[in-house]
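Novice: Sequence lines, in order, name chains V and G.
When we follow my numbering, the leftmost residue of the first sequence carries the number 518, and every step to the right adds one.
When we follow my numbering, the leftmost residue of the second sequence carries the number 64, and every step to the right adds one.
Rather than coming from a laboratory, the hints here were simulated on the basis of the structure.
Wrong hints could be hidden among the right ones.
Unchecked claim - Counterexamples of contact, computed for chain V against chain G with all Cβ distances above 12 angstroms: (1) S542; (2) T590; (3) K592; (4) L594; (5) S596; (6) L618; (7) L676; (8) V766.
Claimed, not checked - Below, a sample of chain V positions facing chain G; criterion: calculated Cβ distance under 8 angstroms: (9) K541; (10) E544; (11) S547; (12) L548; (13) A588; (14) L597; (15) P598; (16) S600; (17) F759.
Ideal Cβ placement from N, Cα and C applies to all residues, glycine included.
Chain residues, written in single-letter form:
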Amino acid sequence: MGFWSAVLLPLVLCLLLFIGFFNKSDELKSLPGIMLWLRFAGVILGVMGSLLLPMLIIFIAYSVNSIEHKADTWKTLFSLPISKPAVYAAKYFYAFFLVLLCLALFVVFTLGFGNLLSVIKPGLKFNEYNIAGTLSQLYFKLFLSSLGILSIQFLLSLLFRDFLKPMGIGFICTITGVILAANNWKYAYLIPYSHPMLGLKALQQQKEAHAGTMPQITVDMLTKDTWVSLAVALTVFIIGYFIILKKSVK
Amino acid sequence: MVISTEGLTFTFGHQQVVKSLSLNVPEGSIYGFLGPNGAGKTTTIKLLLNLLQMQEGSIRIFDKDLKSNRIEILSQIGSLIEQPAIYAHLTGKENLLNRALLLQVPASRVDDMLKLVHLTDAAHKKAGQYSLGMKQRLGIALALLSDPKLLILDEPTNGLDPNGIIEVRELLIKLVTKHNKTVFISSHLLAEVERMATHVGIINYGELLFQGSIKDLEGLSQPLVQIETDNTVDAANFLTRNHFNVTEVNDHHFFTPYTSKQQMGEINALLNKNGFTIYSINKQQKDLEKLFLDITQTA
Numbered sequence: 518m519g520f521w522s523a524v525l526l527p528l529v530l531c532l533l534l535f536i537g538f539f540n541k542s543d544e545l546k547s548l549p550g551i552m553l554w555l556r557f558a559g560v561i562l563g564v565m566g567s568l569l570l571p572m573l574i575i576f577i578a579y580s581v582n583s584i585e586h587k588a589d590t591w592k593t594l595f596s597l598p599i600s601k602p603a604v605y606a607a608k609y610f611y612a613f614f615l616v617l618l619c620l621a622l623f624v625v626f627t628l629g630f631g632n633l634l635s636v637i638k639p640g641l642k643f644n645e646y647n648i649a650g651t652l653s654q655l656y657f658k659l660f661l662s663s664l665g666i667l668s669i670q671f672l673l674s675l676l677f678r679d680f681l682k683p684m685g686i687g688f689i690c691t692i693t694g695v696i697l698a699a700n701n702w703k704y705a706y707l708i709p710y711s712h713p714m715l716g717l718k719a720l721q722q723q724k725e726a727h728a729g730t731m732p733q734i735t736v737d738m739l740t741k742d743t744w745v746s747l748a749v750a751l752t753v754f755i756i757g758y759f760i761i762l763k764k765s766v767k
Numbered sequence: 064m065v066i067s068t069e070g071l072t073f074t075f076g077h078q079q080v081v082k083s084l085s086l087n088v089p090e091g092s093i094y095g096f097l098g099p100n101g102a103g104k105t106t107t108i109k110l111l112l113n114l115l116q117m118q119e120g121s122i123r124i125f126d127k128d129l130k131s132n133r134i135e136i137l138s139q140i141g142s143l144i145e146q147p148a149i150y151a152h153l154t155g156k157e158n159l160l161n162r163a164l165l166l167q168v169p170a171s172r173v174d175d176m177l178k179l180v181h182l183t184d185a186a187h188k189k190a191g192q193y194s195l196g197m198k199q200r201l202g203i204a205l206a207l208l209s210d211p212k213l214l215i216l217d218e219p220t221n222g223l224d225p226n227g228i229i230e231v232r233e234l235l236i237k238l239v240t241k242h243n244k245t246v247f248i249s250s251h252l253l254a255e256v257e258r259m260a261t262h263v264g265i266i267n268y269g270e271l272l273f274q275g276s277i278k279d280l281e282g283l284s285q286p287l288v289q290i291e292t293d294n295t296v297d298a299a300n301f302l303t304r305n306h307f308n309v310t311e312v313n314d315h316h317f318f319t320p321y322t323s324k325q326q327m328g329e330i331n332a333l334l335n336k337n338g339f340t341i342y343s344i345n346k347q348q349k350d351l352e353k354l355f356l357d358i359t360q361t362a
C-alpha cells in the first residue's frame, strides 16, 4: 500500500500537470525556458512544501507499521530469533526508502513530462534550459527536511495501533508548522513540521530578490532548518530504539 | 529441563496475573498447561517468549538464562500465540516464504510444511480467505518452519473441527516421539490435553495448583465404588448407618470411596441381604474433568 502510493502519487500529479500545460500551451509559449520550468515544477513544489509532503510521510509511516498491527504480527516478529532493534531499523529504513523513492520519482516525472511537452508542443521552450541538477538538489533538500517528521510519525505509528492518533497528531502539527513557517516566526526552524516549507521558502526569496532580471537558482543545501531536521530525525530514531527495547508486546 | 522458571511473577497495573510460578518442563514431553480462560496462561507464554518484560523471578530455557541469551534461545523455539498472526493480503505459501526469508530457512521447507498441515491445495489462496481452522494450521506450519526443538503453542486447537483437532494431536505426538521435540501446549480443555500430554501443569488465578506427570494427576483422583440399586436413597442411607462413607448421591447412583475388592463384595452382600436389588456395582476412577474442577475451584 505504502509502496504503490509512493509510486502513483508522483505519476498521477505529474500527469495531471502535463495535461494542464498541454492545454494551456498557447499562453505559455512566450515564456523563456527557465521560467517555464519554474512554473512547471513550482506547481507541485508549492503544494509539496506546505501539505503534500508531510501528509505523504504521515501516510507512509502509518502504512509500514499498520501492516503488522493489522495482521497482529508484532508478537510474532518479536518472538523470532531476530534482535528487536533490527526489526525496528528494518521497518524504519523501508519507510525512509519509500519517501526517497517518491521524491526521486517526482524529479524523474517532472523532467520526463517537461521534456515530453517540448517534443510534442515544439512551441514550448522547455529544451532551452536544463533544470535537472537544480531540481534534484531541491528535492534532495526537501527529503532531508522531511526526515524529522518521518522519525516522529514512524514512532507514533509504531506505538499506536489505530490510524487516527498518528494521523490526527501529524495533521495538527503540520497545520501549525505551515502557519508558523508562513508567518516567518523566528523559531519556526526548530519545528520539524515547518521544515519542508522553510526549505522551499529559501528558494522563493531568491526568486523575488532577482525579480526583473534573469533568475539565478542556487540551492543552499544545508541550512539551519535542515540541520535541525536531521538532528530531530536522529534523536527520535534513537529514542524509539530504546522504547522498542523496553516495550512489552501485548 | 527444557523450561524451568522460578518465582515468576507478573503484574498488570495492580493486578497480579502470574504469581510466583515455578514451571518444570522436561525434555521430550508434551506439557499440557491447563487453566480456565483468564488464568494467566497467555501471559506466562508471553513471558517465556520474552514478549513481556520479566518483572520478578527467572526463566531458564535449554538451561540458559532467557534474558541474556534471547536470540539463541528463540532460534530454537517455534510459537503460536492466540490467533495466528498471518498477513491476510498474502497467500498461505507467501506467508511461509516470507518467514523462511526472515529465518534464512531454505524455501524447499515451505512445501514440506504445507504438505504437513494439509494446505498444499490452498497454498495459492489469499490467507485472508482461509477458514479459522486453515489459519490455525498455517500458524502451526509457521511455528514448525525453522524445525525448532521446542514448540510453544497457545490454544492451538481453538476453532478447529474434530478432525482438525485429531490431526493436530497426532502431529504433536509424532513430533515428540519421532523427532524428539518438546511441546508446551496451553489449553482450557482438559479432555484435549489428557489425550496427548505426558506432563501437566494446572494454573488458576495466576497460581500453579498442580504440576507433575499425567500419572501423578490420575493418582490424585481417588477411585470410587459406583452403586446402582432399585432404591438409591434408602440404600445410601442404609450404608451410612453401617459406617460406610457415602460421598455423593444422585438420581441413579451413589458413591463411596474404594478401598479393596473385599470391601466391594461386602457392600454387595450387605445390600442384598437387606432387600435391596443391585443393578450394578463397579469401581470407578474419578475422571480428570472433575478433578480439574475440584482443583481449580477449591483453590
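Novice: Each hint should be assessed against the structure and marked as holding or not.
Specialist: Here is what the structure says about each hint:
1. S542: Its Cβ never comes within 12 angstroms of chain G, the nearest being 43 angstroms, so this holds.
2. T590: violated (4 angstroms)
3. K592: violated (6 angstroms)
4. L594: At roughly 8 angstroms from the nearest Cβ of chain G, L594(V) sits no farther out than 12 angstroms, so the non-interface label is violated.
5. S596: Contrary to the label, S596(V) does not stay out of reach of chain G, its closest Cβ about 4 angstroms off (not over 12 angstroms).
6. L618: holds (20 angstroms)
7. L676: holds (16 angstroms)
8. V766: violated (4 angstroms)
9. K541: violated (41 angstroms)
10. E544: violated (46 angstroms)
11. S547: violated (51 angstroms)
12. L548: violated (47 angstroms)
13. A588: holds (5 angstroms)
14. L597: Holds, because the Cβ-Cβ distance from L597(V) to chain G comes to roughly 6 angstroms (cut-off 8 angstroms).
15. P598: holds (3 angstroms)
16. S600: Status holds, d = 6 angstroms.
17. F759: violated (13 angstroms)
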